[in-house]
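Sequences are here, hints too, so could you generate the full structure?
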Amino acid sequence: DQPRCVIVNHNLRKESTNEARRVEQMARRLGLDPIVCSLDLRKRKSGTKVSQRLARQARLSALLSTCLERDLKVLLTGHTLNDQLETFVMRTMRASGVRGLAGIAPVSFMSFQDAGRENVKIRTVFDWQLDDSDAVTCGANEVCILRPLLDGVEKRNTIAYCEENKLEFVTDPSNTSPKYTRNVIRHHFNTLGALHMASPPSGGSSDESTAGSCVLPSDIQLVHSKALQVSRAHFSHLRRMLCDTVQKCVVSPESPSEPSIMEGIREREYRVDVSKLMSEYPRLLVEDMLLELIHAMAKEKKKRKPRMKSIAKLCDMLLKGKSCVVHNVHCYPIPKTKKKVYSFKLLP
Numbered sequence: 108d109q110p111r112c113v114i115v116n117h118n119l120r121k122e123s124t125n126e127a128r129r130v131e132q133m134a135r136r137l138g139l140d141p142i143v144c145s146l147d148l149r150k151r152k153s154g155t156k157v158s159q160r161l162a163r164q165a166r167l168s169a170l171l172s173t174c175l176e177r178d179l180k181v182l183l184t185g186h187t188l189n190d191q192l193e194t195f196v197m198r199t200m201r202a203s204g205v206r207g208l209a210g211i212a213p214v215s216f217m218s219f220q221d222a223g224r225e226n227v228k229i230r231t232v233f234d235w236q237l238d239d240s241d242a243v244t245c246g247a248n249e250v251c252i253l254r255p256l257l258d259g260v261e262k263r264n265t266i267a268y269c270e271e272n273k274l275e276f277v278t279d280p281s282n283t284s285p286k287y288t289r290n291v292i293r294h295h296f297n298t299l300g301a302l303h304m305a306s307p308p309s310g311g312s313s314d315e316s317t318a319g320s321c322v323l324p325s326d327i328q329l330v331h332s333k334a335l336q337v338s339r340a341h342f343s344h345l346r347r348m349l350c351d352t353v354q355k356c357v358v359s360p361e362s363p364s365e366p367s368i369m370e371g372i373r374e375r376e377y378r379v380d381v382s383k384l385m386s387e388y389p390r391l392l393v394e395d396m397l398l399e400l401i402h403a404m405a406k407e408k409k410k411r412k413p414r415m416k417s418i419a420k421l422c423d424m425l426l427k428g429k430s431c432v433v434h435n436v437h438c439y440p441i442p443k444t445k446k447k448v449y450s451f452k453l454l455p
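Sequential numbering of the sequence shown, starting at 108, is according to this note's numbering.
Each hint should be verified, as a subset may be incorrect.
Capping the alpha-carbon separation at 30 Å, the derived lysine-lysine pairs in DSSO-like fashion look like this [as the list claims (entries may be wrong)]: (1) K355 to K427; (2) K409 to K429; (3) K446 to K429; (4) K408 to K447.
Quick caveat, the hints were computed from the structure, so don't treat them as lab data.
This is how it looks when you write it as structure tokens:
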């Protein structure tokens with residue numbers, strides 16, 4: 108089949124229609140079958156300011172609808188290392204957790220949350236999850252997003268490739284507008300320039316080049332790579348904790364007295380060995396594991412993760428042998444286990 112190219116025109120600038128036509132023509136010259144999705148965000152939200160978040164939601168909805176209607180299961184995007192480092196800086200500024208500091212995932216799956224096809228759900232898969240067959244399986248109503256340029260390919264590499272091969276491209280002027288946080292970060296850290304700046308700019312001393320707490324992009328890349336290593340190790344450890352202390356409440360014919368070991372958090376009820384969990388693992392890791400478990404159980408009904416304050420309260424209740432409800436999950440001690448084993452049951 109002829110490869111296809113999906114072009115999204117947000118219609119937020121008067122030049123965007125002509126730019127979309129130019130990209131469509133370029134795609135045809137490259138042997139691609141272009142599909143143009145034209146949005147009208149200003150008409151949908153008349154009298155209100157169109158935010159980047161709204162534009163992103165509409166863009167994802169258009170991309171997902173287009174792929175599902177044409178039975179396209181894989182979508183490739185052009186995110187580069189620049190996008191990764193900008194995302195890392197933004198999430199650091201917002202005090203993101205371990206998962207957030209891992210940045211953009213190389214693989215993700217998107218699907219609609221409702222029949223209205225407006226709310227898109229994103230399921231991310233990081234590199235340490237790629238060996239998990241459950242994580243990388245694309246569902247019937249999902250579209251897989253691959254980001255092949257994310258690891259090691261810089262924006263300047265893509266521009267140089269286009270110039271060397273005489274390939275025309277279009278630059279969106281809104282990518283340099285100081286109205287948006289990402290663009291301010293691009294300018295401040297020079298992520299659209301050379302990412303491996305080894306020496307200070309001409310005429311400036313080393314002290315001057317780092318004035319104003321400006322970290323060189325090469326340092327950002329180093330810090331992000333360390334954060335990625337920490338994230339990988341952290342979630343690998345959480346996975347081992349889950350396998351060691353959590354069991355599905357499913358009785359198999361081979362061993363009717365024993366629930367099978369968890370292979371993927373998709374069930375409505377689990378048994379948690381609270382005694383082992385609390386005695387063998389640090390409190391912070393326990394809270395992170397319970398956060399992931401409860402979020403995975405309730406994610407069909409609850410879009411956001413439970414608050415850490417609620418998880419901390421849950422840990423306190425587990426230590427006291429008491430029951431509680433967190434994020435629509437009822438956690439209560441199982442009789443005859445001396446409150447050592449708890450049932451985590453998703454409420455209807």
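Verification of the hints:
1. The hinted pair formed by K355 and K427 meets the criterion: a straight-line CA distance of about 23 Å does not exceed 30 Å.
2. The hinted pair formed by K409 and K429 meets the criterion: a straight-line CA distance of about 24 Å does not exceed 30 Å.
3. Between K446 and K429, the direct Cα distance comes to roughly 8 Å. Compliance with the 30 Å bound is thereby established for this hinted pair.
4. This hinted pair checks out: K408 and K447 have alpha carbons roughly 28 Å apart, not beyond 30 Å.
When held up to the earlier numbered hints, the structure conflicts with none and fits them all.
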